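Peer 1: Sequence:
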Amino acid sequence: MSFSRSSLIPHNDEDRLLALSRYRVAGTAPEHLFDGIAALTAKLFGAPIALVSLVAEDSVWFKAHFGLPDATRVNRAQSLCSVAILHDEATIFENLRQQPCTLIESDVLEQLNLAFYASQPLQTTDGFNIGALCVIDHQARTFTPDEQKLLKQLAISVMLFLELRREGITLPVPGAPAHLTVPALLHSLTLLAEIGSSGAAIDIDGNPVGTPAIHQEAGHIMLLINRRLQEVLAA
Numbered sequence: 001m002s003f004s005r006s007s008l009i010p011h012n013d014e015d016r017l018l019a020l021s022r023y024r025v026a027g028t029a030p031e032h033l034f035d036g037i038a039a040l041t042a043k044l045f046g047a048p049i050a051l052v053s054l055v056a057e058d059s060v061w062f063k064a065h066f067g068l069p070d071a072t073r074v075n076r077a078q079s080l081c082s083v084a085i086l087h088d089e090a091t092i093f094e095n096l097r098q099q100p101c102t103l104i105e106s107d108v109l110e111q112l113n114l115a116f117y118a119s120q121p122l123q124t125t126d127g128f129n130i131g132a133l134c135v136i137d138h139q140a141r142t143f144t145p146d147e148q149k150l151l152k153q154l155a156i157s158v159m160l161f162l163e164l165r166r167e168g169i170t171l172p173v174p175g176a177p178a179h180l181t182v183p184a185l186l187h188s189l190t191l192l193a194e195i196g197s198s199g200a201a202i203d204i205d206g207n208p209v210g211t212p213a214i215h216q217e218a219g220h221i222m223l224l225i226n227r228r229l230q231e232v233l234a235a
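Under the UniProt record's numbering, the residue at position 192 of the sequence shown is numbered 192, and the numbers go up by one with no gaps.
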């Protein structure tokens, strides 16, 4: 092992790596779908960086990235995503400058001037955390419970799309009303993110709509997307 912190290695890492290998995705070329999810995630949270990461034996591979155009992989000992897979819930560092993570080498974080990190693990159906969906900022910020819920739903979507990819299933799949297909729902979510990021959202009475309401509506759409993806996999 090239990394030096044994505390970064979960007790089930051998089985976890076998679970990751089932998807044949670590180190593969970029794919439009996952790049789109990374971009959508960044826009929904108003963050400059979002990543879909996969934690392999020695490296963390970025299946998709937004805001870090040259990102491909990083040593496992230098990535906060190595910390994210240790937990089944969100990993959040609201101010890395004041409260740095002591489990990893900080060189990369300092080079990129990163101050905020929030992630949700990508968990397989049999309970292995193979990577993470993360939101990153150069500024410290708070991360609300509603934001945590939304990030979790987005991570569930990433995992479901990985399952579809593994099964060789492409979208759209016949059988759903046109407005309830996954591409249509993703388009609605993208429009919502763009409206929210522009600050131009208003309700039916003409009153401005705040970010919490945008996140709640996005969470509702994500539930519909995930339900549809689960139906496709079950069929």
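Since the hints were derived computationally from the structure, they do not count as laboratory data. Note that the structure is predicted; figures quoted are calculated from it, not measured. Treat the hints with care, since some could be wrong.
[To be verified] Cβ-Cβ distance ranges computed for the label pairs, FRET-style: (1) T170 x G27: 17 to 23 Å; (2) S21 x P69: 39 to 45 Å; (3) A235 x Q111: 45 to 51 Å; (4) L223 x I169: 16 to 22 Å; (5) E110 x E167: 39 to 45 Å; (6) L18 x E105: 42 to 48 Å; (7) R73 x S188: 30 to 36 Å; (8) R166 x L224: 20 to 26 Å; (9) H11 x A213: 28 to 34 Å; (10) I169 x D107: 36 to 42 Å; (11) R227 x L191: 36 to 42 Å; (12) S21 x Q230: 20 to 26 Å.
Heads up, the beta-carbon is just placed ideally off N, CA and C, and yes, glycines get one too.
Peer 1: Mind listing which of the numbered hints don't hold for this structure, in increasing order?
Peer 2: Structure breaks hints 2, 6, 9, 11.
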